[in-house]
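What follows is each chain in one-letter form.
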Amino acid sequence: MASSRQRLVVDSIHGDIRLNALESALIDTSTFQRLRHLKQLGMGHFTYPNATHTRFAHSLGVFAIMKRVLKLEDNPLNLSDTDKEDLCIAALFHDIGHYPYSHLMEQVDNVRLTEERVSSNGSKIEVDLTHEKYPNHEEVGKLITTTQGDILKLLDKERAEKIANLFTRSSVADQQKTKLIHSSLDMDRLDYLLRDARASGVPYGEIDLNYILSSLKVSPKGVLGVVSKAQTAAEQFLFARYFMHRAVYYHKTTFGIEEACRQLLRRCRDKGKYSVPKDGSKIREIVSGNKLLTFTDSFVDNIIRNSVEDKDPTIKQLAQTILYRKPPKLIREVCQVEKIERQTHNNCTTFILQCNNNLRNLAKKNKIPLGLFMMAEPKMVTLEKRGAEILAKNADELRDDPGDELIKVFDGIKDEPDSLVSRQDSMLKFCGGHGLQMARLYLISDDETLVQKVQKEVSHWS
Amino acid sequence: MDMRQVAAALVLKQLGIALKLDQFNDRLVIQKALYLAQASDVKLGYFFSWYIRGPYCSTVAKDLFAALENPTRVKLELSKYALDAESNNRLISLRPLLKSSLPNLSQPMWLELLASVHYLLSTKPQREPNEKEFSDELKGLGKNFSPPQVKCALVELTKHGLIKTATCS
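These protein sequences, in sequence, are chains A and B.
Using the working numbering, you'd call the opening residue of the first sequence number 1 and step up by one each time.
Using the working numbering, you'd call the opening residue of the second sequence number 1 and step up by one each time.
Extracted from the complex, chain A is given alone in its bound form:
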């Protein structure tokens, strides 16, 4: 039964957040409360000790932003009160499907072991596409929303499915509404940049959230954008996201520890150890049943604790790296800013190829197990997904391309907004469509002398 109680929650970013009776009852469910036990920044607290904020807080933050957006004066989508409530609940639930430690466990299927990367004996490694991969967190979120009993007691099945379709963009019928959650000015991003920056203690994520939100406008065609006077705030938002990636999300220590965790989970799963779910069907079983409530960061903590005394020396050392906070040592990092759509060989790809060719011998020569080296290629960090020249060339087609969900600005003359990257007075015209690419090589070792020796050898690779 829904609680008849409305509620006020005080949030460190948004201040007072008001919930109606239904919203209040939904956050009180055990299913939603699970988000209190998922850290927003995964293992970020290993670098920034205060970065222990939760998905729960972040979900409330996105909900608060949605509430503000829906209070905009214009209502060109003619949203009913029920539509608005559905959108608010979709915003609240958008991360309900997250795995333990954020994206770590979700990405286990994508992990390549070092031994596989540097394979040189001529035989091919089989890629098995007959087993279910771990579903992504959006899909898990849909499953949770439409199967967990405590949610279905408050939302009937049809409404639960409708809301799930909103936050997973699965709804064929509600395209305009789903754009409000997944639009160019991403509400998810607006909350997490500020929240993550303040929790970490870095200044790079400080954005002018109030000004952006108060400058939002929806066009007659349902496109969300900012009015031109907020262009500076919108540009600064994109740069903030870029700097937060460099300083926080891809911090060398955090990334190294997380990579160690990914490698550990993959190895344990391959060997059937410590209850690492063997495939996607097992994940689906967990998240649609009563084991969901144990599927929190502790789930992975237990795997790490059990692995610390494993007989496999690589598994043991990976686990100890995490549990005792002995971060992998960065042997070498190569960074390059590149055009997103330029397909050329650059310093990063050269370095990766050098690792592929030389790592096996390096490991053998220094008597280091190959599995203690980790190659990492964080995803490219872009300012905007497309550059001005690509937009100019393919404007008509890109309208239909979701990759073109770029930040939009109303110029005050036309009804529909333009992309920020195409505006003559925007720095993004020149920087948009570029991204930072990185390639890193880590070594798990406590031996400083050995680490320095390896660093020196790697620096001489040609």
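Quick caveat, the hints were computed from the structure, so don't treat them as lab data.
Given the structure is predicted, the values throughout are model-derived calculations rather than measurements.
All residues carry an ideal CB built from backbone N, CA and C; glycine is no exception.
It is possible that part of the hints are untrue.
To be verified - Estimated spans, in silico, between C-beta atoms of each pair:
1) K159/B to T130/A: 15 to 25 angstroms
2) H460/A to P71/B: 23 to 33 angstroms
3) D22/B to K326/A: 42 to 52 angstroms
4) K282/A to G140/B: 37 to 47 angstroms
Unchecked claim - Straight line, CA to CA, 25 angstroms or less: simulated DMTMM-like cross-link-like pairs of lysine to aspartate or glutamate:
5) K143/B to E416/A
6) K221/A to D186/A
7) K75/B to D186/A
8) K379/A to D2/B
9) K221/A to E137/B
Said to hold, decoys possible - Where chain B lies over chain A, by a calculated footprint (3+ residues, C-beta under 8 angstroms):
10) 123-132
11) 136-142
12) 357-367
Please build the complex by placing chain B on the supplied structure of chain A, with the hints as guidance.
Quick look at chain B alone, frame taken from chain A:
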């Protein structure tokens, strides 16, 4: 490249789809080809949702843009891997489906039709496929596919085992 990028590239190679993203239609063909590969039980792990031109997965786009930064490297990496036999055979049998069966429909349009019809059916599995209803529904979504075109798509999807039965009224 991560394992999912490797798998996607191998699947596209087996389907005979060029790994290029220059034009919008190149990207559309890749999206729909991977969607149909998954629909034929080749488990890549992508989650598709609906966008203007039918089922779309933003992760596919990100994966392939990232992978294609260096075609030489893609070639080198792919040389280390091979698909399992079962998936390989499924993809080989899927290849004829990807060629347009209708003379006035280009490959991108054909794939958009196939994938859109399959997606609509999969969202309501109890639904009996009906070409007129689907054509009307697709028109409502801004797509202009006639009932005979939809019928042809249903028949081909059935023939290749992606849907159970097509009863064309």
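Hints versus structure:
| no. | hint | verdict |
| --- | --- | --- |
| 1 | K159/B to T130/A: 15 to 25 angstroms | 23 angstroms, holds |
| 2 | H460/A to P71/B: 23 to 33 angstroms | 28 angstroms, holds |
| 3 | D22/B to K326/A: 42 to 52 angstroms | 46 angstroms, holds |
| 4 | K282/A to G140/B: 37 to 47 angstroms | 39 angstroms, holds |
| 5 | K143/B to E416/A | 23 angstroms, holds |
| 6 | K221/A to D186/A | 18 angstroms, holds |
| 7 | K75/B to D186/A | 35 angstroms, violated |
| 8 | K379/A to D2/B | 10 angstroms, holds |
| 9 | K221/A to E137/B | 21 angstroms, holds |
| 10 | 123-132 | holds (count 9) |
| 11 | 136-142 | holds (count 3) |
| 12 | 357-367 | violated (count 0) |
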